[in-house]
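Going down the list, the sequences are from chains R and P.
Under my numbering, the first residue of the first sequence carries the number 1, and numbering increases by one thereafter.
Under my numbering, the first residue of the second sequence carries the number 1001, and numbering increases by one thereafter.
Since the hints were made in silico from the structure, they are not lab data.
Some clues are possibly wrong.
[To be verified] Calculated lysine-lysine pairs in the DSS-like style (CA-CA distance at most 30 Å, straight line):
#	chain 1	residue 1	chain 2	residue 2
1	P	Lys-1048	P	Lys-1073
2	P	Lys-1048	P	Lys-1022
3	R	Lys-117	P	Lys-1022
4	P	Lys-1048	R	Lys-450
5	P	Lys-1073	P	Lys-1022
6	R	Lys-399	R	Lys-496
[Unchecked claim] Anything over 12 Å on all C-beta distances counts as not near chain P; from chain R, calculated:
#	residue
7	Gly-67
8	Pro-457
9	Ala-513
10	Pro-520
By construction, the Cβ of each residue, glycine as well, lies at the ideal position given by its N, Cα and C atoms.
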Amino acid sequence: MLPSDPRTLIDLIEARATRTPGQAAFYWDDQPVSFAELWQGVNRFAVLLGERGVARGDRVLIRLANGPDFFLAFYGAIRAGAIAVPVFPASGPERIAALARLCGADIVVVPGAGSEKIPGLRAVSVAESAQYPTDGTFPAVAPEDVAFLQYTSGSTGLPKGVMLSHQGLLTNIGQLIEGMAITAADCFVSWLPVYHDMGLILMTMVPFSLGAKLVLLPTALANARPWLSAIARYRGTLTAAPDFAYRLVLRYVRDPSAYDLSSLRVALNAAEPVRPRTIEEFERAFGLQNVVIAGYGLAEATVGVCTWPPGEPALVDERGVVSVGRGFTGIDIQIIEDDQPVAAGHIGEIAVRSPANTRGYYSDEAETSSLFWRDGYIRTGDLGYLDGADNLFVTGRLKNIIKHGGETIFPQEAEQIADRLPFVRRSAAVGIDSGGPEGEQLYVFAEVSKAAGNDEPAFHDAAVDVVEATYAQLGIRPGRVYLLRPHGIPLTHNGKTQHAALRQRYLSGELRADNAILFPAY
Amino acid sequence: MLIDLDDVGRTVGLVLGRRDPKADDRIQADLGGESIDVLNIVVTLEQKYGISIDEAAMANVSTVRDLYQLLLKSPDAAIRPKNPD
């Protein structure tokens, strides 16, 4: 740790730049970027933002992919007194504009001069700050200030901005370090997106905080090989990914012995349901033991709540659920049903109290008040139980949400996107795991009107439009889009979509047998 | 089922949300496909044509045309190129 504990993220970066200026903050494209370079770039960009009128508390959208510019923009915005708002960089202009309206931002950091214009937003790039001075007058940043907003999917169809304070972030960083026994000797290898909490906090803020080595890779991995070869080349000790990424490796890497992963101490498997088979097969393929550990967390608790202790054999219950371990220091987990705590062994909603819990969603009082149970406990919307030793097992979800490639999506959000297309009468989004290596995926079922046309080529184009619109808004592509005849989606008497019934009718083949599916024919 | 290059391109486009992928478009670099999308392309083609694709060979697939040529190598006898390329 640093000699005097930093109170803000800015203190943290400044302390590193002062004490170990020449040390690499991270490696990008095999090139080191030192803490001194990082700090100078942060200050230059903060000066530029100040000159552009960005003031304390303003929101600055950051539309950048993994790479050095992200960090300059992110910490530069915070240095300038603003609240950073990382957004999925491939989001379409409509999505960016919608997020800007939600958080009241009027400026967005983009990759460069050629970037697409977004109506109503001023654009700025890190490159523009290259000739700026590194000294300026910056607003004081306080530990309780919101450092950034993490947007997550919302049940009303609008995303919610989780407010993350410096204090909460530094607390969770400490919890992660202790819970996963991380030290300055660890070497992090990460391709996780830095514009999302696990990739940003666990995989970059934690190594910055310790001065541990960080090898950062692009998110758009052509396949799993760059990840594995970076671990092998840098002798990586710590990596993290959702379950699907480990499954991808197992499916695509024909010769695991070509990659020496023996340096790995921890391979965290989190952000979507953990399959025990993935852990077993990955460890067997690469000759590892007790390295892949399951973890659990949520943006509302900053990011990490618990992980299985590294080095210990995984604990799997009779249902085949892998334990995600005990809460980190300072975290209390309760299982509740009908607003009351239940005893060990009983399944209920998981509620989490942590000093790193968010104080709520940015300018969204309704969602904020429904987030809390009592005494600072956050309702997670996940179902699970604690065993007699307080080990948490996550068994399912209370809320109707979809987990797709490590992202959490509320069906309403995907449905609103499809419903806006002129040829869609009504749509339903469901999470479906067909048992294949791709895992649970977002499936969009759209009842179409005559406007969709009446032949295969027209239906094909309509389905392409659904995928395109979903990707532009949510940053993920549905696993499947099915176009249905009118009334193909089962409804309740009062006209609400019956998601569970739809999923069941699809999986049993009834939807196809009843001729409800117009497209595709397979 | 007969497969042709255009049809493979259309299926890739369906998964990726692209109307008209070209045969020489690279699935990842040009069309923006991510790992999970590539997996979905494989699963979709398998369902559509009733074949199984050698996933390990997918590592050498860059363009739509590469993918088509991989499908032609499938051991499933039903497959014949409609327009030999």
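*For this structure, which hints from the list above don't hold up?*
8 and 10
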